[in-house]
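Build out the structure end to end from the sequences listed, making use of the hints.
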Amino acid sequence: MIRLDKFIADASSFSRKEVRELVKRKAVTVNGTVAKTPDMKVDERCDSVSVNGKNIFYRKFIYLMLNKPQGYLSATEDDRDPVVVELVPEELKHFAPFPVGRLDKDTEGLLLLTNDGQFDHELMSPRKNLYKRYYAELDVPANEEDIKLFASGMQFKEFTAKPALLEIDPDDPHKVYVEIAEGKFHQVKRMCERSGKNVLYLKRVAIGKLKLDESLPVGSVRELTAEELAIFGR
1 MIRLDKFIAD ASSFSRKEVR ELVKRKAVTV NGTVAKTPDM KVDERCDSVS VNGKNIFYRK
61 FIYLMLNKPQ GYLSATEDDR DPVVVELVPE ELKHFAPFPV GRLDKDTEGL LLLTNDGQFD
121 HELMSPRKNL YKRYYAELDV PANEEDIKLF ASGMQFKEFT AKPALLEIDP DDPHKVYVEI
181 AEGKFHQVKR MCERSGKNVL YLKRVAIGKL KLDESLPVGS VRELTAEELA IFGR
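The numbering of the sequence shown is this note's numbering, which starts it at 1 and goes up by one.
Everything labelled a hint here was simulated from the structure, so no lab data went into it.
Just so it is clear, CB atoms sit at the ideal spot from N, CA and C, and this is done for glycine as well.
Watch out, some of these pointers could steer you wrong.
Claimed, not checked - Below, computed lysine-lysine pairings styled on DSSO-like, alpha-carbon distance capped at 30 Å:
| hint | residue 1 | residue 2 |
| --- | --- | --- |
| 1 | Lys197 | Lys157 |
| 2 | Lys128 | Lys148 |
| 3 | Lys26 | Lys41 |
| 4 | Lys197 | Lys175 |
| 5 | Lys54 | Lys36 |
| 6 | Lys36 | Lys105 |
| 7 | Lys41 | Lys54 |
| 8 | Lys24 | Lys41 |
| 9 | Lys184 | Lys162 |
| 10 | Lys203 | Lys93 |
What the hints assert, rightly or not - What follows is a list of derived Cβ distance ranges for each label pair:
| hint | residue 1 | residue 2 | range |
| --- | --- | --- | --- |
| 11 | Asn143 | Ser15 | 55 to 65 Å |
| 12 | Arg127 | Glu21 | 41 to 51 Å |
| 13 | Glu90 | Glu145 | 49 to 59 Å |
| 14 | Asp78 | Gly53 | 38 to 48 Å |
| 15 | Ile2 | Glu144 | 52 to 62 Å |
| 16 | Gly101 | Gly53 | 36 to 46 Å |
| 17 | Asn52 | Ile2 | 13 to 23 Å |
| 18 | Ile2 | Glu223 | 18 to 28 Å |
| 19 | Glu158 | Cys46 | 46 to 56 Å |
| 20 | Arg80 | Glu227 | 22 to 32 Å |
| 21 | Gly117 | Lys162 | 38 to 48 Å |
| 22 | Val34 | Ile2 | 15 to 25 Å |
| 23 | Leu165 | Glu223 | 21 to 31 Å |
| 24 | Pro173 | Gly53 | 56 to 66 Å |
Have a look at this one:
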């Protein structure tokens with residue numbers, strides 16, 4: 001059981017002060033009855049709350065899928081460049097979501113956003129060993145030796161990349177899929193450069209078993225479905 005004003009403030013863009021005014025104006029109902037006080041207790045699991053006739057669904061955390069476009073930083077703010085949270089719909093911004101991990105500025109594709117710090121920690125923990133899958137287009141065709149090189153792991157100055165999977169498109173060896181367990185700065189590009197190739201285009205298509213919704217336009221955001229959240233134990 002929680003206070004009505006907290007319920008609405010957590011679940012919408014209304015502040016507690018605004019909720020108190022809404023209650024005064026008799027614009028808030030609980031289970032079809034006009035609310036009399038903002039401090040009345042409601043059960044977030046089963047009580048029906050509405051504001052101005054619109055149902056308010058309680059939730060503390062949100063989990064979003066973004067099809068990230070190029071040119072955006074995986075950050076909540078920046079003085080020079082646009083950031084991914086600017087793409088979050090206005091009705092969800094009051095949850096203050098932040099990116100889970102990061103994608104490079106010029107990389108497209110699957111990026112998760114949430115306001116659940118524990119979820120972020122679980123996915124980003126090295127112990128999770130969560131592989132991310134990328135689609136890349138190269139300037140030089142890949143070959144079988146590249147597959148072996150990726151599978152052997154790579155030593156860089158500041159980190160050691162775990163063995164990675166490289167799959168070559170049988171119809172066009174300029175197109176490959178790469179799966180890595182880490183997510184270091186420009187990691188896929190640096191691994192490809194180690195094999196003598198430059199990445200011309202890069203897109204993340206999966207995080208673990210969660211795949212990018214290909215029907216989601218670039219730059220668009222949607223909430224994860226119950227089935228998708230279940231992949232991560234949510």
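Hint check results:
1. Lys197 - Lys157: 19 Å, holds
2. Lys128 - Lys148: Status holds; Cα separation ~24 Å.
3. Lys26 - Lys41: 17 Å, holds
4. Lys197 - Lys175: 11 Å, holds
5. Lys54 - Lys36: 18 Å, holds
6. Lys36 - Lys105: Not satisfied, since the Cα-Cα distance of roughly 50 Å exceeds 30 Å.
7. Lys41 - Lys54: Roughly 19 Å separates the two Cα atoms, so the pair holds.
8. Lys24 - Lys41: Measuring from Cα to Cα gives roughly 17 Å; hence the hint holds.
9. Lys184 - Lys162: Holds, at about 11 Å.
10. Lys203 - Lys93: Distance of about 25 Å is within 30 Å: holds.
11. Asn143 - Ser15: 55 to 65 Å: 59 Å, holds
12. Arg127 - Glu21: 41 to 51 Å: This hint holds: roughly 48 Å between Cβ atoms.
13. Glu90 - Glu145: 49 to 59 Å: Given range 49 to 59 Å: holds, Cβ gap about 50 Å.
14. Asp78 - Gly53: 38 to 48 Å: 39 Å, holds
15. Ile2 - Glu144: 52 to 62 Å: Check passed, 60 Å falls within 52 to 62 Å.
16. Gly101 - Gly53: 36 to 46 Å: 40 Å, holds
17. Asn52 - Ile2: 13 to 23 Å: Because 21 Å falls inside the window, the suggested range holds.
18. Ile2 - Glu223: 18 to 28 Å: 22 Å, holds
19. Glu158 - Cys46: 46 to 56 Å: 51 Å, holds
20. Arg80 - Glu227: 22 to 32 Å: 38 Å, violated
21. Gly117 - Lys162: 38 to 48 Å: Taking Cβ atoms as reference, Gly117 and Lys162 lie about 25 Å apart, which means the hint is violated.
22. Val34 - Ile2: 15 to 25 Å: 19 Å, holds
23. Leu165 - Glu223: 21 to 31 Å: Roughly 30 Å apart at Cβ, these two residues keep to the hinted range, so it holds.
24. Pro173 - Gly53: 56 to 66 Å: 59 Å, holds
Checked against the numbered hints above, the structure violates hints 6, 20, 21; every other hint is satisfied.
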